[in-house]
Amino acid sequence: MQQRFHRPVAVLAGVVLATTGLAACGPSITSGDSTPAGSSSATATTDPDELASPDESTVSGEVTIWDREGDLFKVFDATIAAFNKKYPNIKVNHVAVDIDAKLQNTLISGTDVPDGVFLDDAKVAGFADHLWKLDDVMEPYLGDIAQQKKDVNTLDGSVYGVPFDSDPGLLYYNAKALEDAGIDATTIATYDDLLAAAKAYQAKVPGSKPIHLEQSPFLGQLQLEMYASQLGTSIADEKGQLRLDSPEYQQILTWLDTVQKEGLGTRAEYLSPSDIKPLDSGKEVFYPWSIWFDFAPQQLLPKTKGDWRAMPLPAWKEGGARSGAMGGSSFVLPKEGKNSQAAWLFYKFLMFDQAGYSAVWGTSSVYPDGLNTSIPSYTPAADPAKPLFGPVEALGGQDLWKVATEAGSEIPGGAPIPTWWAGAVDYLGNNVQKMLDGKLTPQQVIDQSTDDIQKNLVDRQ
Amino acid sequence: MSTIAAEPRTRPSAAAPGRRSHRTPSRRRLAPYVFVLPFIALFVAFSVYPMLFTLQLSFTNWRGSGSAQWVGWDNYTYLLTNPAFWQSLGNSAVMWLLIVPVQMLLALLVAILLDNAKTRMRAFYRVAFLVPFVTPLVAIAQIWVVVFDQDYGVVNSVLNAVGLPDVGWLTTSAWAKPTLALLFLWKTTGFIVIILLSGLQSIDPAVYEASSIDGATRFRQLRSITLPLVRRTLVFAVVLQTLAIFQMFAEPFVVTQGGPYSSTTTAGLYLYNHITRADLGTGAANSFLLVIVVMALSLGFVRLLRSED
Amino acid sequence: MTRRLPGASTQVFLVLLTLAFLAPVVWALLSALKPANQIISSPLAFDPATFTFENYKRMFADVPIGRGFFNTAVVLLFKGGLTLFFAPLAAYGFAKYEFRFKGLLFGTVLITLMLPTIVLIIPLLLEMKELGWVNTYQALVLPGAVDAFAIFWMRQVIAAVPDELLDAARVDGCSEFGIFWRIVLPVIRPALAGLAVLTVMNIYNDFVWPVVIASTDRMATLQVVLSTLAQNISGNRIGADYATVTGELLAAASVALIPLLVVFIVLQKHFINGILAGSVKG
Chain H
1 MQQRFHRPVA
11 VLAGVVLATT
21 GLAACGPSIT
31 SGDSTPAGSS
41 SATATTDPDE
51 LASPDESTVS
61 GEVTIWDREG
71 DLFKVFDATI
81 AAFNKKYPNI
91 KVNHVAVDID
101 AKLQNTLISG
111 TDVPDGVFLD
121 DAKVAGFADH
131 LWKLDDVMEP
141 YLGDIAQQKK
151 DVNTLDGSVY
161 GVPFDSDPGL
171 LYYNAKALED
181 AGIDATTIAT
191 YDDLLAAAKA
201 YQAKVPGSKP
211 IHLEQSPFLG
221 QLQLEMYASQ
231 LGTSIADEKG
241 QLRLDSPEYQ
251 QILTWLDTVQ
261 KEGLGTRAEY
271 LSPSDIKPLD
281 SGKEVFYPWS
291 IWFDFAPQQL
301 LPKTKGDWRA
311 MPLPAWKEGG
321 ARSGAMGGSS
331 FVLPKEGKNS
341 QAAWLFYKFL
351 MFDQAGYSAV
361 WGTSSVYPDG
371 LNTSIPSYTP
381 AADPAKPLFG
391 PVEALGGQDL
401 WKVATEAGSE
411 IPGGAPIPTW
421 WAGAVDYLGN
431 NVQKMLDGKL
441 TPQQVIDQST
451 DDIQKNLVDR
461 Q
Chain L
1001 MSTIAAEPRT
1011 RPSAAAPGRR
1021 SHRTPSRRRL
1031 APYVFVLPFI
1041 ALFVAFSVYP
1051 MLFTLQLSFT
1061 NWRGSGSAQW
1071 VGWDNYTYLL
1081 TNPAFWQSLG
1091 NSAVMWLLIV
1101 PVQMLLALLV
1111 AILLDNAKTR
1121 MRAFYRVAFL
1131 VPFVTPLVAI
1141 AQIWVVVFDQ
1151 DYGVVNSVLN
1161 AVGLPDVGWL
1171 TTSAWAKPTL
1181 ALLFLWKTTG
1191 FIVIILLSGL
1201 QSIDPAVYEA
1211 SSIDGATRFR
1221 QLRSITLPLV
1231 RRTLVFAVVL
1241 QTLAIFQMFA
1251 EPFVVTQGGP
1261 YSSTTTAGLY
1271 LYNHITRADL
1281 GTGAANSFLL
1291 VIVVMALSLG
1301 FVRLLRSED
Chain V
2001 MTRRLPGAST
2011 QVFLVLLTLA
2021 FLAPVVWALL
2031 SALKPANQII
2041 SSPLAFDPAT
2051 FTFENYKRMF
2061 ADVPIGRGFF
2071 NTAVVLLFKG
2081 GLTLFFAPLA
2091 AYGFAKYEFR
2101 FKGLLFGTVL
2111 ITLMLPTIVL
2121 IIPLLLEMKE
2131 LGWVNTYQAL
2141 VLPGAVDAFA
2151 IFWMRQVIAA
2161 VPDELLDAAR
2171 VDGCSEFGIF
2181 WRIVLPVIRP
2191 ALAGLAVLTV
2201 MNIYNDFVWP
2211 VVIASTDRMA
2221 TLQVVLSTLA
2231 QNISGNRIGA
2241 DYATVTGELL
2251 AAASVALIPL
2261 LVVFIVLQKH
2271 FINGILAGSV
2281 KG
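Residue numbers (my numbering), protein chains in the order written: chain H, 1 to 461; chain L, 1001 to 1309; chain V, 2001 to 2282.
Don't read these hints as lab results, they were simulated from the structure.
Straight-line alpha carbon distances no greater than 25 angstroms define the calculated SDA-like cross-link-like pairs of lysine to any residue that follow: (1) Lys439/H x Asp1151/L; (2) Lys261/H x Ala181/H; (3) Lys102/H x Asn2135/V; (4) Lys283/H x Val1158/L; (5) Lys1187/L x Val2012/V.
Taking the hints into account, I'd like the entire structure generated from these sequences.
Below is the structure:
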């Protein structure tokens, strides 16, 4: 059937042409340079990526702020009223968004880009290309911000985020269970002390496995970085070079290995049933974790509620830092936002103005006793003598604020978190788990992770 | 076969029955283009164009911002020489073996039972089996993790009650895949039942009647009539599930995050990780490699299981 | 017809299987009635005395679920309608006609079916941006409106329709479209019914694309709403309000499920049974 059909072919050709026409005005990737759509509001400084300080009397209009859905969203929402008292001309469009799912695509397509976004510290470096540099606007405050938070937001010498919370690591312990076993946890000053205390507890309470060992590779890696943060190191330095092969990591991994080898660890995923049951029955009594573990005794541990206390982490050597950072978030301002300066004013209010940070951490309709799962990273706000949130009933009425702010002030400086940090979980996170399974030695964890991360992640950036 | 009322249209001038004319009516020549056009228009605009773009991307190292450099086959060679890539393929293959044979048998059995007019409450069952498919995965993932918890889960409690030790269902490489396979099975069997049911319902009852008159037992009917005639639908279902299993990423992502030790990092999740880590060039290359793998498998099945059409 | 297979054993088998299939869902429905903390701390304990509606209350206050329903309904109607009409039509073209580029086109269809959608998201998003279609209904409905899976399946089914039927109709003077409408469609009724069900479910379940293209409160579909809620529960990072969000999520999932079940049951009774009844072959 070799008949020619002019009309149908023409129709088909027309369709194809129309769509290629579409493609022609679509984005094209060439072998050379192809930058995404240009930046928005012009700035007066010589660096076009630097956000210019706004003239506060003239900034107005609408600003779109993205936050994660949840209780924190409601807390931020409640602060808008206070913000508008100071800046009545700025209308805040506060949106709850699945930021992890949406931000990357939004920045790539450049459509409907928000003016301000709440972002995990681990992700800031990865998006730096799309964000305003904030050195100019943050200059008056930089001296008063916790060093580690500054470092984590700094890439190539420029600051890309407004630090939000500081999440100091603390040692949570079941004071009542330990007291009943005749152990005074407050004397623990180093990790060796912790080991000894755990052994003593196990002798008194057979079948117990006092120290928590994390089983999720991701959270395990996060906790590992907390320990490393105490020692002033991390997986990569500010240039992105791996620095796993160091005496610090040796010490940390060996300690974890020892806990496992001597049967002193409850191996479970954070707050899974395997974790909650031992926690609530006195079988697991030591939890070195970020401050946000405190919601467990408050909400998930009905039997031991009130028995738990917090204290600074043990130090790795006598006199060393008694805390490290685990988690934490910041606010970033995408360059393609339409009203970035207004977003900056919002965050400036929230973080550096007393009315702002009191509204966030203080009493609110969501948290009548205040938000106690983090502390401010702005040191004047994190004054141990001036608590923003109240004593925590589930911790026996302890003044968690004081403990956390004092611990937080001990956190050494850090480095920006590399963009491939999450990808490293497949190597480092998994290898740590293998070590806790008894399949690898600490040195093997270091060597194999370094090789794999270098080959698969660092070299391919 | 009902008769059709004659259409009040002009008769084509040629094509007397039995004679092939070189002038097949223009209406008939035109027809397929018209029928296919709406689909093609949308398809080219929203499927072909992105696919070609992705193909181009696979030869670059684009990370979502800034420039994209041409890297030729580099992404492909990286993947093909990367043990993690092969492991992800292997994981998907194992998942396939764990899911498909069991699921096809089960779904076929259920479909046969539901096809039978004498089974009661058929409509209820049809809906019931579909419910898992439309239940949000995150809501179900909770219960899965709880039930299969290695120390306090229900399954292990039952095992303990009969004297067997705890099993690390979601925490050991050996058992994570079957546990996840069970989740996928639970979720998608209803879907397959519907497809097979449609196939069964297309079989002419007259064929069954004739064989009953000839004295065939129910089981014999199953073997000689039902199975061969539903073979085509079965192959279709197998190909469909093969696609789904190799693309699967939500279940391992939500329940096990690809662990333990990447044992549940399926091909789909491995790909998804590239994309979410902004490694778009490698992701694109990965997806085309997957296409090749899945295509090869599907063609294999079609050859293997199909009798002549 | 002497089919004596259905008996007590069949019923027992089906009942057990249904229990196994529905148990996790029943768990979710019941858990939504528990105080949020208890869902996490004692997931398998159900004490009717403590049942509460607080999860539902919080969910209705915080989550734009009504809007989610509306948007999902719109997409179901238009996208489902497009698929159910144009897919069999195109499949008919592929199955029963010869035309230029047929092989190439169908091959491309197969390839797109095998390409994981996740990788097409960014190119498609960039395309939508050029068209100005981000956060619009057309962006939700048109890409994939005539589903390649549907074409694949229907082509398979239609190919099995005997050619003699079609030729006879042609001889009787039926138009090409008339053949499709009056001969082919009735014959493939069971498959059409199946396609209707699966199309509805696939559209309902779709979240990879809607999350990217329509995630404002105004445009979010149900799945987008649910996944936004779920972000604090993802396996890697448990937020401080893990418990309350889980409670809200289960409440939302329950609410999302019920209308769908009603739709199914109605679909079964009136639409599908009607279609199947019409397909009494003879």
